[in-house]
Amino acid sequence: MPTKKYKAPLSHLLNPGHSACAGCGMIIAARLLLDTAGPNTIVTNATGCSEVTTTQYPMTSFKVPWIHSLFENPACLASGILAALKVKGLADKTNIIAIGGDGATFDIGLAHISGMWERGDNVLYVCYDNEAYQNTGYQYSSATPLDANTSTTPPGKYSEGNDQKKKDMVGIALAHGLPYIATATTGYPLDLIAKVKKALAIKGPKYLQIYTPCVPGWGIEPKDTITVAQLAVQSGFYPIVEYLNGGLSGKTKTTKKVPVENFLKLQKRFKHLFKDERGKAEIAKIQKIADKNIEKFGLLNS
Amino acid sequence: MNKNMSAKGGSAAGGKKILEGSRAIAETVNNCGVAVVSAYPITPQTHIVEELAKIKADGQGNFEYVRAESEFAAISIVLGAAATGVRTYTATSAQGLLLMTEVLFNVAGMRLPVVMTDANRAISAPINIWNDQQDAMTMRDSGWLMVYGETVQETCDLHILAYKIAEATLIPAMVNLDGFVLTHVVEPVEIEDAKKIKIFLSAWKPTEILDVKKPLTLGAFVTPAHYMEIRKELHDDIVAAKKLMTKEMVNFKKIFGRKLSLCEYGGAKDAGTVIVAMGSVLGTIREAVETHCNASLRNAGILKITSLRPFPDEEIIKLIGSKKNIIVIDKSISLGTEGILATEIRRVLYGKSKARITSVIMGLGGRDITMEMIGKAVEESKKTKEQVIFIGK
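Residue numbers (the working numbering), protein chains in the order written: chain A, 54 to 355; chain B, 4 to 396.
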């Protein structure tokens, strides 16, 4: 964890006036990402909150060249832009960042991200992971964690919420042999900034997955965005890690293991687990997942 | 910066050559100075993209070639490149074109002048790799300019024209040719060299592109307050493109010596019967009419349609509005109604003509269309009371 103080710029490359919710994790990540990448950056953006809240015609929040085409193709656009910049002799002077939510990344756009990674294109792909299709009303995606209540995985007599475990997108990235892969979160902005800087300094395809709490989707208080993200990390629920050339090169450790309950209870999407014995058993399963993460990555300071 | 790249164009030599259709298209596209090519292989488009890869491998092409993971990706990649302000190209067929659907509408709506070849092929199911024109016809409403070549030469010429019109109107253009029939035929063709093409097709200098020196937002989210006006603008511009195409076809003739037209009438001037069609089948129709292999073809006229979008309404009324019997041959169908070109002709002539219009479906899934079958189509259409008939034998 970097301890250096962050001097926030007086003006941002993502202007205020966007329509993101108060306390939106995604919009904090977007601003930090762009301010760190700087003006010499072209952004391709998938359909989703990060597009809808920022570019309502005829207005825009972006002070960098920015393009949105469809839900599943920001990686393709990035490859096309890179090819065009090569022809223009500008490829080495320009950052290309492709952005998608977890739906665009884990689900509908996955084949295209794989294609771009396989081509070895010098692009930073950033996923804002808020663990569901929040823009369309909190539906399940393959990034949704076990037992989460989404509008398509509702709990009921025969359901504890989502019956699947979150897809291991970092593992998929690793299988592609990327030179740089990391997770980060708005809960730890300095770490996020450091990772954006590091990723952009490396040539080749990079993957950065940013954990961004969603106020209405998760059912949290706007004031708790940062706290919830930090608890996800401190409990081992969402490991913050970094891989350089396939080897684990960094991790955010915690000195005292926080029970996942502390993280879950702040969110309405897990409220049903606190009602009865059935829920208790599910919390135990989630705790197991978190414990496994702590063990796998060595996240506990001892 | 490599200054030779976008400006110089390809360096393959021009001149009269005996080439396969696909190679001829690849050489022409290269000589048009394309900067970014992205494609995914599908029969019968494959030879075109293989030839482009070979041209690049042989050092005769100055374009970036991006191998895509699907047709959806290929068209999205050229979308990104076109938005960065360079000349782009892709090619596909059948299922590939349908997989592109979402992006095709997007490229048109974003006003990016991508040029694409569609080697026309039947649509699955049942799966069939042979020629008909169902694929592109299904994409008719996507907002692209759509032209159809009758011969390899004309298809090559239409590619040069396509870049000119697309870049002037900021509307993407799809050049269609019959798969196998034209992509795999070997015939003499005049390959125009880069220098001569440049006289007709100057460098594209767009202003609204992705540029860090002048940041713009492309592909914004539009509410009901603005959406309709933006869609209407694209409609109006497609209609208006007709005038520009007519003008540039005249310029094309001046520079290259070959005629292009939106639509063209052939055969007897005083014909009572006229056969309307698009693409390579016109050669068979011409031959059938000239040799009048069937008595019903005596004194028949032919209307060749080259441009489906924009559609030459006024020209068609002028050329065949007074005819009594109109037979429209379609290698595609709007299932449950009739041939798609037939519906277009019916729309244009509504209230303008008393002609009896018959839709004749032929050649689906690569079924051969013979001269005898053309005769039979005319004969049957005079006898039948049906609006649409199928002639397969």
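These are calculated hints, taken from the structure and not from any lab test. All figures in this text were calculated on a predicted structure; none of them were measured in a lab. There may be inaccurate statements among the hints.
Using 27 Å as the maximum straight-line C-alpha spacing, the simulated DSS-like pairs for lysine-lysine come out as follows [unchecked claim]: (1) K139(A) to K217(B); (2) K146(A) to K216(B); (3) K216(B) to K251(A); (4) K19(B) to K216(B).
Do the hints match the structure? See the list:
1. Distance check on the hinted pair: K139(A) and K217(B) sit about 19 Å apart at the alpha-carbon level, within 27 Å; holds.
2. Straight-line distance between C-alpha atoms of K146(A) and K216(B) comes to about 12 Å, which keeps the hinted pair within the 27 Å bound.
3. At most 27 Å may separate the alpha-carbon atoms for a hinted pair to count; K216(B) and K251(A) meet this at roughly 24 Å.
4. Distance hint between K19(B) and K216(B) is unfulfilled; the C-alpha atoms sit about 44 Å from each other, more than 27 Å.
When held up to the earlier numbered hints, the structure conflicts with hint 4 and nothing else.
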